[in-house]
Amino acid sequence: MTLAKIVYASMTGNTEEIADIVAEAFENLDIEVEIDECTQVEAEDFEDADICVVATYTYGEGDLPDEIVDFYEDLQELDLSGKIFGVCGSGDTFYDEYCKSVDDFDAAFVKTGATRGADVVKIEMAAEEEDIENLEAFAKKIVAAAS
Numbered sequence: 114m115t116l117a118k119i120v121y122a123s124m125t126g127n128t129e130e131i132a133d134i135v136a137e138a139f140e141n142l143d144i145e146v147e148i149d150e151c152t153q154v155e156a157e158d159f160e161d162a163d164i165c166v167v168a169t170y171t172y173g174e175g176d177l178p179d180e181i182v183d184f185y186e187d188l189q190e191l192d193l194s195g196k197i198f199g200v201c202g203s204g205d206t207f208y209d210e211y212c213k214s215v216d217d218f219d220a221a222f223v224k225t226g227a228t229r230g231a232d233v234v235k236i237e238m239a240a241e242e243e244d245i246e247n248l249e250a251f252a253k254k255i256v257a258a259a260s
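Start counting the sequence shown at 114; every next residue gets the next number (this note's numbering).
Among the hints, erroneous ones may be present.
Computed beta-carbon distance windows for the label pairs [said to hold, decoys possible]: (1) 207 x 160: 19 to 27 angstroms; (2) 137 x 209: 28 to 36 angstroms; (3) 180 x 147: 13 to 21 angstroms.
Calculated directly from the structure, the hints in this document are not laboratory data.
In this text, all values refer to a predicted model and were calculated from it rather than measured experimentally.
Where is the CB? At the ideal position from N, CA and C, for every residue including glycine.
Taking the hints into account, I'd like the entire structure generated from these sequences.
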């Protein structure tokens, strides 16, 4: 069975909810899912998955959340050739660097040799109905790329 590993960083709960929406979408597509908060896992855990997803928020003026910096740095050292990845997350359009951490993780995955399964999904604060539909479509594209 195909295994999707979702790693998230969440301060307010918005990004955890985004990760949960993606996890549920994968499960509805008969994909086995492991979901973990970023301080509870190592980047190397992605080596055991077929699908690798990071859900992160962007802190302040485009900064990675402190709790995911080590994970981000370790991720870039991996060889994830043959894996499919996707990145999603939340941000606040008040800031110039809206959802920059999502883009940072997308670039980090490219360095690993993994294949992008879907374009990044950026959500203004909490996921609303249209965002949920976008996240479900994101999951479907990733699964199709992994098939």
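Hints and how they fare:
1. Between residue 207 and residue 160 the beta carbon distance is about 37 angstroms. The supplied range of 19 to 27 angstroms is therefore violated.
2. Between residue 137 and residue 209 the Cβ separation comes to about 33 angstroms, which falls inside the hinted range of 28 to 36 angstroms.
3. Range check, residue 180 to residue 147: Cβ separation about 19 angstroms, and the 13 to 21 angstroms hint holds.
This entry does not satisfy hint 1, going by the numbered hints stated previously; all others are met.
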